[in-house]
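S.K.: The task is simple: from the sequences and hints, build the whole structure.
Protein chains: 2
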Amino acid sequence: MSRERLYLFDTTLRDGQQTPGIDFSAEDKAMIARMLDDLGIDYVEGGYPGANPADTSFFREKRTKRAAFTAFGMTKRAGRSVENDPGVQMLLQAEADAICFVAKAWDYHVRVALGCTDEENLDGVRQTIEAAVAHGRIAMLDCEHFFDGYKANRDYALAVARTALEAGARWVVLCDTNGGTLPHEIDAIVRDVASVVPGERLGIHAHNDTGQAIANSLAAVRAGARQIQGTLNGIGERCGNADLVTLIPTLMLKPLYRDAFEIGVTEEGLRGLTHLSRAFDEMLNRAPNRQQPYVGSSAFATKAGIHASALLKEPETYEHVPPEAVGNRRRVLVSDQAGKSNLVAELERFGIDFDRRDPRLDGLLSEIKQREAQGYAYEGADASLELLARRRLGSVPTFFRVEAFRVNIERRYDAHGELKTFSEAVVKVNVGGDIRMSVAEGSNGPVNALDLALRKDMGELNAYIDDLELVDFKVRILNGGTEAITRVLIESRDGQGNRWLTVGVSPNIIDASFEAMLDAVNYKLLKAGAADGLAVAAE
Amino acid sequence: MSRERLYLFDTTLRDGQQTPGIDFSAEDKAMIARMLDDLGIDYVEGGYPGANPADTSFFREKRTKRAAFTAFGMTKRAGRSVENDPGVQMLLQAEADAICFVAKAWDYHVRVALGCTDEENLDGVRQTIEAAVAHGRIAMLDCEHFFDGYKANRDYALAVARTALEAGARWVVLCDTNGGTLPHEIDAIVRDVASVVPGERLGIHAHNDTGQAIANSLAAVRAGARQIQGTLNGIGERCGNADLVTLIPTLMLKPLYRDAFEIGVTEEGLRGLTHLSRAFDEMLNRAPNRQQPYVGSSAFATKAGIHASALLKEPETYEHVPPEAVGNRRRVLVSDQAGKSNLVAELERFGIDFDRRDPRLDGLLSEIKQREAQGYAYEGADASLELLARRRLGSVPTFFRVEAFRVNIERRYDAHGELKTFSEAVVKVNVGGDIRMSVAEGSNGPVNALDLALRKDMGELNAYIDDLELVDFKVRILNGGTEAITRVLIESRDGQGNRWLTVGVSPNIIDASFEAMLDAVNYKLLKAGAADGLAVAAE
Chain A
1 MSRERLYLFD
11 TTLRDGQQTP
21 GIDFSAEDKA
31 MIARMLDDLG
41 IDYVEGGYPG
51 ANPADTSFFR
61 EKRTKRAAFT
71 AFGMTKRAGR
81 SVENDPGVQM
91 LLQAEADAIC
101 FVAKAWDYHV
111 RVALGCTDEE
121 NLDGVRQTIE
131 AAVAHGRIAM
141 LDCEHFFDGY
151 KANRDYALAV
161 ARTALEAGAR
171 WVVLCDTNGG
181 TLPHEIDAIV
191 RDVASVVPGE
201 RLGIHAHNDT
211 GQAIANSLAA
221 VRAGARQIQG
231 TLNGIGERCG
241 NADLVTLIPT
251 LMLKPLYRDA
261 FEIGVTEEGL
271 RGLTHLSRAF
281 DEMLNRAPNR
291 QQPYVGSSAF
301 ATKAGIHASA
311 LLKEPETYEH
321 VPPEAVGNRR
331 RVLVSDQAGK
341 SNLVAELERF
351 GIDFDRRDPR
361 LDGLLSEIKQ
371 REAQGYAYEG
381 ADASLELLAR
391 RRLGSVPTFF
401 RVEAFRVNIE
411 RRYDAHGELK
421 TFSEAVVKVN
431 VGGDIRMSVA
441 EGSNGPVNAL
451 DLALRKDMGE
461 LNAYIDDLEL
471 VDFKVRILNG
481 GTEAITRVLI
491 ESRDGQGNRW
501 LTVGVSPNII
511 DASFEAMLDA
521 VNYKLLKAGA
531 ADGLAVAAE
Chain B
1 MSRERLYLFD
11 TTLRDGQQTP
21 GIDFSAEDKA
31 MIARMLDDLG
41 IDYVEGGYPG
51 ANPADTSFFR
61 EKRTKRAAFT
71 AFGMTKRAGR
81 SVENDPGVQM
91 LLQAEADAIC
101 FVAKAWDYHV
111 RVALGCTDEE
121 NLDGVRQTIE
131 AAVAHGRIAM
141 LDCEHFFDGY
151 KANRDYALAV
161 ARTALEAGAR
171 WVVLCDTNGG
181 TLPHEIDAIV
191 RDVASVVPGE
201 RLGIHAHNDT
211 GQAIANSLAA
221 VRAGARQIQG
231 TLNGIGERCG
241 NADLVTLIPT
251 LMLKPLYRDA
261 FEIGVTEEGL
271 RGLTHLSRAF
281 DEMLNRAPNR
291 QQPYVGSSAF
301 ATKAGIHASA
311 LLKEPETYEH
321 VPPEAVGNRR
331 RVLVSDQAGK
341 SNLVAELERF
351 GIDFDRRDPR
361 LDGLLSEIKQ
371 REAQGYAYEG
381 ADASLELLAR
391 RRLGSVPTFF
401 RVEAFRVNIE
411 RRYDAHGELK
421 TFSEAVVKVN
431 VGGDIRMSVA
441 EGSNGPVNAL
451 DLALRKDMGE
461 LNAYIDDLEL
471 VDFKVRILNG
481 GTEAITRVLI
491 ESRDGQGNRW
501 LTVGVSPNII
511 DASFEAMLDA
521 VNYKLLKAGA
531 ADGLAVAAE
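Order-wise, the sequence lines are chains A and B. Count the first sequence with UniProt numbering and you get residues 1 to 539, in order. Count the second sequence with UniProt numbering and you get residues 1 to 539, in order.
Keep in mind that the hints were calculated from the coordinates and are not lab data. One or more of the hints may lead you astray.
To be verified - Partial selection, computed: residues in chain A whose CB lies under 7 angstroms from chain B:
no.: 1; residue: Gln-212
no.: 2; residue: Thr-246
no.: 3; residue: Thr-250
no.: 4; residue: Ser-298
no.: 5; residue: Tyr-318
no.: 6; residue: Arg-360
no.: 7; residue: Leu-365
no.: 8; residue: Ser-366
no.: 9; residue: Val-407
no.: 10; residue: Ala-415
no.: 11; residue: Glu-441
no.: 12; residue: Pro-507
What the hints assert, rightly or not - Pairs of lysine-lysine, BS3-like flavour, derived with a Cα cap of 30 angstroms:
no.: 13; chain 1: A; residue 1: Lys-29; chain 2: B; residue 2: Lys-369
no.: 14; chain 1: B; residue 1: Lys-474; chain 2: A; residue 2: Lys-369
no.: 15; chain 1: A; residue 1: Lys-420; chain 2: B; residue 2: Lys-474
no.: 16; chain 1: B; residue 1: Lys-254; chain 2: A; residue 2: Lys-151
no.: 17; chain 1: A; residue 1: Lys-420; chain 2: B; residue 2: Lys-456
no.: 18; chain 1: B; residue 1: Lys-254; chain 2: B; residue 2: Lys-313
no.: 19; chain 1: B; residue 1: Lys-151; chain 2: A; residue 2: Lys-369
no.: 20; chain 1: B; residue 1: Lys-369; chain 2: A; residue 2: Lys-428
no.: 21; chain 1: B; residue 1: Lys-151; chain 2: A; residue 2: Lys-254
no.: 22; chain 1: B; residue 1: Lys-420; chain 2: A; residue 2: Lys-456
no.: 23; chain 1: A; residue 1: Lys-420; chain 2: B; residue 2: Lys-254
To be verified - Across the chosen pairs, the derived CB separations fall in these ranges:
no.: 24; chain 1: A; residue 1: Gln-374; chain 2: B; residue 2: Asp-355; range: 30 to 38 angstroms
no.: 25; chain 1: A; residue 1: Glu-314; chain 2: B; residue 2: Gln-374; range: 57 to 65 angstroms
no.: 26; chain 1: A; residue 1: Glu-316; chain 2: B; residue 2: Gly-495; range: 31 to 39 angstroms
no.: 27; chain 1: A; residue 1: Gln-89; chain 2: B; residue 2: Ala-528; range: 51 to 59 angstroms
no.: 28; chain 1: B; residue 1: Lys-340; chain 2: A; residue 2: Gln-374; range: 47 to 55 angstroms
Just so you know, even glycine gets a beta-carbon here, dropped at the ideal spot from N, CA and C.
M.R.: Shown next, in the form of structure tokens:
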């Protein structure tokens, strides 16, 4: 039975960037684009070149391999030609495979917001799309406020859609810009539009203002649309966009969609979805939503209640999909099985040799659970997890041991009567039996001072870690207030461009940072193959 | 035009109690029941008397005035009479107006989970409902796994529903127990069931496992159902139940529902919804979901982007409902693209008097942009923005001045040969001319030590800040690597439950934390009306 192709368009880096409190660094954006590309998203929207320097420079190079790297921007202004519209020119020059233009589809906004005539707006759409096509770009049009516009003036809304189509747009995307449209309205309107724009060129862009972004997206697909726009974990302006992390499993696992449609995500990609979703939240430095459909840590959790025992008897009749299909796991008090098979998969991923019957496996599992209860989050810190596992199962050399450290931060008026803050760290480290004491001042504060002092003199080990660089660190306070626990995630990089994440947990932010720092150094030494000979007697 | 009555059933205290990590105290339950009663919910389910002592004692008295106080439990077991079934007897003795019984509607589960015959299960339903009615209770039946059961054996699922109806059940509730049913399936199945059970006696109980609990509930209503079961903020087992806080505004504000249906919530109650939702999260001691539809702090927030300026011109066309209707408010976030109009909107929100032609306004705007270029993020830190604005435009007293501080973090082996880390801070503060020096040790590290030392002795100011509490702080490293800048966001809370966010930026994490801390304290002093008299001469 042949299935129709359904296309996924991700706007995490554009609409998602509009989320209050979210601000991607250039490194974040590059990493997110890679994640989406690997996942199998068809269109990855990278931002709005020309709107700000960051987005402009992000489009100096193509950021995806398989996905169409897509730029976002406005159609040309009225009263000027495409050639003389700097905004449009900026978009045409961007290193993008596709350009998603946005245009008003509500005649009222054309007058109020643009102050031009309905016809000028249509001309803008036509000429801009044609220019993009002429430049060899895949062109698409986001019809802003399409559904409100349709209700106010059906003919004009349809005229905007038709104009884009006739100008050569690959996709005409119907945007529920203020998120207020309800599923049955989406259904009726999309069916009507499909009589003008064939479904295989229709897209839907839904927001969650009534908690129905998912339902609206699926209603549009049932009505004929074949492109869905959304974001990772549903981030986005106001209440967010349609959550691709929820849509993908629904499309791939629910028979009605699975049997009718094909998307670019593989079953392996689907199994990686839980990890991807949580890694993304770590990048945003926020706690994952435990109740998030499919991937939340509670999504398949059952409290010992009326369901738990029956669940253990007949899981498949109590779970609407198998948790493993999305890389999640069942959580019922007592049952460890899911946990163990998860761990086994991780160890294989690390390439660690082990015997499934090795009792140390259970020891490792319970230690991980114990540590996660303390606040460690290994989802986002593979390197720390690998070190922990190798220490338990194999043996990781004790390359060095820190005997003591001291950090001093002082703010005082300097000689010129200005308030200045000084950070100094002293570290006493034991390398191969020699005690080495180093002191350093941190231009970036205490963690920087500690990092410098620690690596200043590690004797023969320095050769292995000279190219190690701390590229990012994130701090989260768990159960705030007085019992606050601090979790620090450190991202490190070396000369070969390897990146790895380590985690530290402590009530003390300096301790937590130092623990993650030590893991980062030890991981590098391990991968660099620093020899046992350097080690002191294992503790 | 006469509207049909639609009934709301809240299960926060029963299904909501199944949420991993949520455990209500007796006081919590009583307060939640009152909140729901005042809101205008028709049925407030208080729990499962007989399942545990807490629920049993909760039903020793009626907890609602207007709402029907409802007990939850199972229908009688096979092989014994209602009189000899302790569970059912416990329910009949509970101080409840209504009893919601749960029964299997899937013949497969009748065999596997109950181990009785289909007919015995039907008998149990009939006799239990009849007994409840005979005891003068409003009786209703939750048909567990109804939709899966219907797909597996339509006739039996319908037989269970019909049996309850004929036995005198006021409501037959169709439960999507594992949450996997999709809206169009709900629509088709409920329409079919409505041919057996009249819609005015049909209810829907939806879960959010595909992110469509709201859509499923509304689909059922459109198909004929007239009772919706849900919870506050959508708490509940796994991914949660249908969120009544999202459903209520949709039913009251969206024309299609508003014109067709009437619910027990008044417009005044609706205006209190944002407060109720956040107060409930306070009770759960968790941060409210900023992206929650209608009531989230971001639900009507727009970053200065392509929409902001137009939004200010024509809010009603950019907002699907008026924020005030649910007690929420519009927020146009100042961010690096901020224009003067956004700033003006913010200042008005702060209640700051100013003259639009005041040149200091431009000074303030350029200072904000300059600071945001340095890494400050005011969109997430209202309190710091308000302080900055008031300092520029009006005058904020200099309540105190920190002359110097010193923080010492030391890790060393203690007397028992264990590696321990000690954090100590010394702060020299000038209050009203007196220099006060305080020292404190931080059980939670250096920031904690600084916080304690700073507030330890501020003289007469202490009276204003005794109830100040640091509830969360977030750290973000901007442009990582060696030029790293640290941004710290601190969330504070006081005794009246006010929460405010402040920001600090510095290459030094301790400096950044301290700056945000100072803003938090100054903001509290400002709001508490600490007098000028305490101030030293303004700098």
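S.K.: Does each hint hold? Answer for all of them.
M.R.: Status of each hint after checking the structure:
Nearest Cβ of chain B to the Cβ of Gln-212 (chain A): about 5 angstroms, under the 7 angstroms cut. The hint holds. With 7 angstroms as the threshold, the beta carbon of Thr-246 (chain A) comes within range of chain B, its nearest partner Cβ sitting at about 4 angstroms, so the hint holds. Because the smallest distance between the Cβ of Thr-250 (chain A) and any Cβ of chain B comes to about 5 angstroms, under 7 angstroms, the interface hint for this residue holds. The beta carbon of Ser-298 (chain A) is positioned within 7 angstroms of a beta carbon in chain B (closest approach about 5 angstroms), and the interface hint is therefore held.
Because the smallest distance between the Cβ of Tyr-318 (chain A) and any Cβ of chain B comes to about 6 angstroms, under 7 angstroms, the interface hint for this residue holds. Taking 7 angstroms as the C-beta cut-off, the interface hint given for Arg-360 (chain A) is violated, the closest approach to chain B being about 25 angstroms. Taking 7 angstroms as the C-beta contact cut-off toward chain B, the hint placing Leu-365 (chain A) at the interface is violated, the least distance being around 20 angstroms. Violation of the interface hint for Ser-366 (chain A) is found here, the shortest Cβ-Cβ separation to chain B being roughly 20 angstroms, above the 7 angstroms cut-off.
Against a cut-off of 7 angstroms between C-beta atoms, the interface hint on Val-407 (chain A) holds, since the closest Cβ of chain B lies about 4 angstroms away. The interface hint given for Ala-415 (chain A) is broken, as the beta carbon of that residue sits about 14 angstroms from the closest beta carbon of chain B, more than 7 angstroms. For the restraint placing Glu-441 (chain A) at the interface with chain B, the shortest Cβ-Cβ distance is roughly 11 angstroms, beyond the 7 angstroms limit, so the hint is violated. Evaluation of the Pro-507 (chain A) hint against chain B yields a held restraint, the C-beta minimum of about 4 angstroms falling below 7 angstroms.
As the CA atoms of Lys-29 (chain A) and Lys-369 (chain B) are separated by approximately 23 angstroms, the hinted pair is consistent with the 30 angstroms bound. Restraint check for Lys-474 (chain B) and Lys-369 (chain A): the C-alpha separation of about 25 angstroms stays at or below 30 angstroms, so the hint holds. Between the alpha carbons of Lys-420 (chain A) and Lys-474 (chain B) the distance comes to roughly 23 angstroms, so the proposed pair stays at or under 30 angstroms and holds. About 14 angstroms separates the Cα atoms of Lys-254 (chain B) and Lys-151 (chain A), which keeps this hinted pair within 30 angstroms; it holds.
The hinted pair formed by Lys-420 (chain A) and Lys-456 (chain B) meets the criterion: a straight-line CA distance of about 23 angstroms does not exceed 30 angstroms. About 23 angstroms separates the Cα atoms of Lys-254 (chain B) and Lys-313 (chain B), which keeps this hinted pair within 30 angstroms; it holds. Note on Lys-151 (chain B) and Lys-369 (chain A): the hinted pairing is violated, with a Cα-Cα distance of about 39 angstroms set against a maximum of 30 angstroms. Pair hint Lys-369 (chain B) plus Lys-428 (chain A) does not hold up; C-alpha atoms about 44 angstroms apart against a cutoff of 30 angstroms.
Among the hinted pairs, Lys-151 (chain B) with Lys-254 (chain A) is consistent with the structure: their alpha-carbon atoms are about 14 angstroms apart, no more than 30 angstroms. Proposed proximity of Lys-420 (chain B) and Lys-456 (chain A) is supported: the alpha carbons are some 23 angstroms apart, at most 30 angstroms. With a CA separation close to 57 angstroms, the supplied pair Lys-420 (chain A) and Lys-254 (chain B) exceeds the 30 angstroms bound. Under the hint 30 to 38 angstroms, the C-beta atoms of Gln-374 (chain A) and Asp-355 (chain B), about 55 angstroms apart, miss the expected range.
Distance hint for Glu-314 (chain A) and Gln-374 (chain B): a CB-CB separation of about 59 angstroms, consistent with the stated range 57 to 65 angstroms. For the pair Glu-316 (chain A) and Gly-495 (chain B), the beta carbons lie near 51 angstroms from each other, so the given range of 31 to 39 angstroms is not met. Taking 51 to 59 angstroms as the suggested C-beta distance range, the pair Gln-89 (chain A) and Ala-528 (chain B) conforms, at roughly 55 angstroms. Checked against the hint of 47 to 55 angstroms, the C-beta distance between Lys-340 (chain B) and Gln-374 (chain A) comes to roughly 49 angstroms, which is consistent with it.
Violated hints, listed in ascending order, are 6, 7, 8, 10, 11, 19, 20, 23, 24 and 26; each of the other numbered hints is respected by the structure.
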